[in-house]
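In case you want the letters, here they are:
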Amino acid sequence: MSLSRREFIGIGGGAIAGITLAPGLRLVELARARSPEEAATQMQRWGLLIDIGRCQDCDVCVTACRTENGWYGHNRPATDPQWIRKVTLKDNQTGYVESLPVLCQHCEEPPCVDVCPTGASFKRADGIVLVDKHICIGCRYCMMACPYKARSFVHEDTINQKSYAPRGKGTVESCTLCVHRVDAGKIPACVEACTKDGNQAMVFGDLKDPNSGINKHLAAGPSTPLRPDLNLNTGVRYRGV
Amino acid sequence: MQKIRLMVFGALAVAAAGWLAAAPVLAAETASAKSAIGPVIKTYKGDKCVEPTEEMRRNHMKKILHQRDETMHKGIRTRKYSLKNCIDCHADPKTNSVLGENGFCESCHEYAAVSIDCFTCHSSSPEKNGQPPKAASTDPAGLMEKTISSAVMGTTNGNQP
Ligand code: SF4
Ligand code: SF4
Chain A
7 MSLSRREFIG IGGGAIAGIT LAPGLRLVEL ARARSPEEAA TQMQRWGLLI
57 DIGRCQDCDV CVTACRTENG WYGHNRPATD PQWIRKVTLK DNQTGYVESL
107 PVLCQHCEEP PCVDVCPTGA SFKRADGIVL VDKHICIGCR YCMMACPYKA
157 RSFVHEDTIN QKSYAPRGKG TVESCTLCVH RVDAGKIPAC VEACTKDGNQ
207 AMVFGDLKDP NSGINKHLAA GPSTPLRPDL NLNTGVRYRG V
Chain V
7 MQKIRLMVFG ALAVAAAGWL AAAPVLAAET ASAKSAIGPV IKTYKGDKCV
57 EPTEEMRRNH MKKILHQRDE TMHKGIRTRK YSLKNCIDCH ADPKTNSVLG
107 ENGFCESCHE YAAVSIDCFT CHSSSPEKNG QPPKAASTDP AGLMEKTISS
157 AVMGTTNGNQ P
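So the sequence lines, in the order shown, correspond to chains A and V.
Read in order, the letters of the first sequence correspond to residues 7 to 247 in our numbering.
Read in order, the letters of the second sequence correspond to residues 7 to 167 in our numbering.
No lab work stands behind these hints, which were simulated from the structure alone.
Accuracy of the hints is not assured; some may be wrong.
Each computed BS3-like pair below joins lysine-lysine, with the alpha-carbon atoms no more than 25 Å apart [unchecked claim]:
| # | chain 1 | residue 1 | chain 2 | residue 2 |
| --- | --- | --- | --- | --- |
| 1 | V | K90 | A | K175 |
| 2 | V | K68 | A | K214 |
| 3 | A | K129 | V | K69 |
| 4 | V | K80 | A | K192 |
| 5 | A | K168 | V | K51 |
| 6 | A | K214 | V | K86 |
| 7 | A | K129 | V | K100 |
| 8 | V | K68 | A | K192 |
| 9 | A | K139 | V | K51 |
| 10 | A | K214 | V | K80 |
| 11 | V | K48 | A | K129 |
| 12 | A | K139 | V | K100 |
| 13 | V | K90 | A | K129 |
| 14 | V | K68 | A | K139 |
| 15 | V | K68 | V | K80 |
| 16 | V | K48 | A | K175 |
| 17 | A | K192 | V | K90 |
| 18 | V | K86 | A | K155 |
| 19 | V | K90 | A | K168 |
| 20 | A | K192 | V | K51 |
| 21 | A | K202 | V | K86 |
When you get a sec, could you build the whole thing from the sequences and use the hints?
What follows is the structure, given as structure tokens:
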């Protein structure tokens with residue numbers, strides 16, 4: 007194999023750029039939250055580790071999400087929206103019961119994005135998967151494609167929406183990882199609530215930052231995505247499923 | 007030829023001046039007679055918009071559309087051209103909304119017969135978010151309230167004092 011001079015310079019240049027640029031940018035990213043005019047970048051990938059051993063029989067995270075993002079039901083469980091829900095698992099052989107929150111797993115290869123005919127489902131540069139409701143036509147393909155049943159269709163007219171979490175009839179919605187809070191340098195509402203409540207079952211952070219809290223937790227013990235067989239490299243991982 | 011052009015221009019200028027002079031009368035009429043034709047444009051906060059009124063009348067939708075994509079897809083959350091900023095300034099303190107018969111957005115869109123799609127998803131009220139809704143508690147004397155008629159739309163700075 008022989009490389010032309012141009013190719014060689016290209017590779018070398020890229021490598022040098024990688025060495026010199028990456029540490030500088032990372033320092034910036036550690037030092038402060040993004041300012042409002044800065045776009046989200048691939049320098050980060052937001053993730054969540056949920057430790058089921060610490061997860062109690064409560065729904066603080068669900069309540070916090072509802073309050074933060076202003077979604078609510080109409081006592082119609084089949085169609086009510088659910089950005090995050092508690093799922094109870096029972097081992098039929100031993101009778102052991104555990105409960106865990108399930109939300110959009112912010113897949114690296116999101117099936118919802120693959121199937122969306124309009125481009126409304128998309129993944130932001132920092133790995134957060136969202137629905138652009140301006141574009142969504144409500145076809146619900148993404149709901150069928152999502153292996154985690156993470157998405158909901160809004161069947162009813164909406165009221166009292168939050169300015170940062172618009173939602174409307176005829177579109178699909180799901181966990182945004184509290185993107186408005188993340189953009190402001192804060193952690194998602196569910197994580198904050200769970201931490202405040204003392205359970206500390208959720209850790210949020212940047213999966214691309216080797217020094218982030220979440221990466222230290224991930225390195226310190228076993229964890230798994232739900233349905234690892236699907237190879238979606240989810241941003242949300244679980245410990246103790 | 008040159009002379010004729012000048013004359014035409016002069017005539018137009020006179021007509022325009024007459025029209026502008028008539029505007030306050032029309033405005034007064036609109037304020038008194040509720041059934042008068044034309045949108046009711048009121049502003050409540052600040053003394054000027056983020057861009058000149060002319061620019062906003064013509065192009066507000068382009069600015070909001072651009073900002074919407076920047077925010078949604080890139081996470082750029084500058085305030086200037088955000089819908090939130092529009093609502094915070096233009097919501098009627100009585101109804102706490104930009105909608106309704108005399109609402110800033112609705113009255114004009116109704117008049118122009120252009121449906122607004124924003125508020126099926128977006129809230130039409132300013133965000134309280136810890137801070138009290140500024141407009142609601144202001145004393146009425148401090149309110150800058152201006153009513154203009156359709157005749158003035160697009161010719162004067164009806165949005166500004
Ligand atoms: S969990 Fe479902 S909705 Fe979320 S990114 Fe994956 S496929 Fe899409
Ligand atoms: S419902 Fe909306 S987001 Fe989902 S696949 Fe259809 S257009 Fe895309």
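Structure-based check of each hint:
1. V/K90 with A/K175: At roughly 20 Å apart (the allowed maximum being 25 Å), A/K175 and V/K90 satisfy the hint.
2. V/K68 with A/K214: Outside the cut-off at roughly 36 Å; violated.
3. A/K129 with V/K69: holds, 24 Å
4. V/K80 with A/K192: At roughly 17 Å apart (the allowed maximum being 25 Å), A/K192 and V/K80 satisfy the hint.
5. A/K168 with V/K51: holds, 22 Å
6. A/K214 with V/K86: violated, 32 Å
7. A/K129 with V/K100: violated, 40 Å
8. V/K68 with A/K192: Not satisfied, since the Cα-Cα distance of roughly 31 Å exceeds 25 Å.
9. A/K139 with V/K51: Status violated; Cα separation ~30 Å.
10. A/K214 with V/K80: Roughly 18 Å separates the two Cα atoms, so the pair holds.
11. V/K48 with A/K129: violated, 40 Å
12. A/K139 with V/K100: violated, 30 Å
13. V/K90 with A/K129: holds, 24 Å
14. V/K68 with A/K139: Cα-Cα ~18 Å, so holds.
15. V/K68 with V/K80: The given pair, whose Cα atoms are some 18 Å apart, holds under the 25 Å limit.
16. V/K48 with A/K175: violated, 30 Å
17. A/K192 with V/K90: holds, 20 Å
18. V/K86 with A/K155: Roughly 37 Å separates the two Cα atoms, so the pair is violated.
19. V/K90 with A/K168: Cα-Cα ~10 Å, so holds.
20. A/K192 with V/K51: violated, 30 Å
21. A/K202 with V/K86: violated, 34 Å
The structure shown violates the earlier hints numbered 2, 6, 7, 8, 9, 11, 12, 16, 18, 20 and 21.
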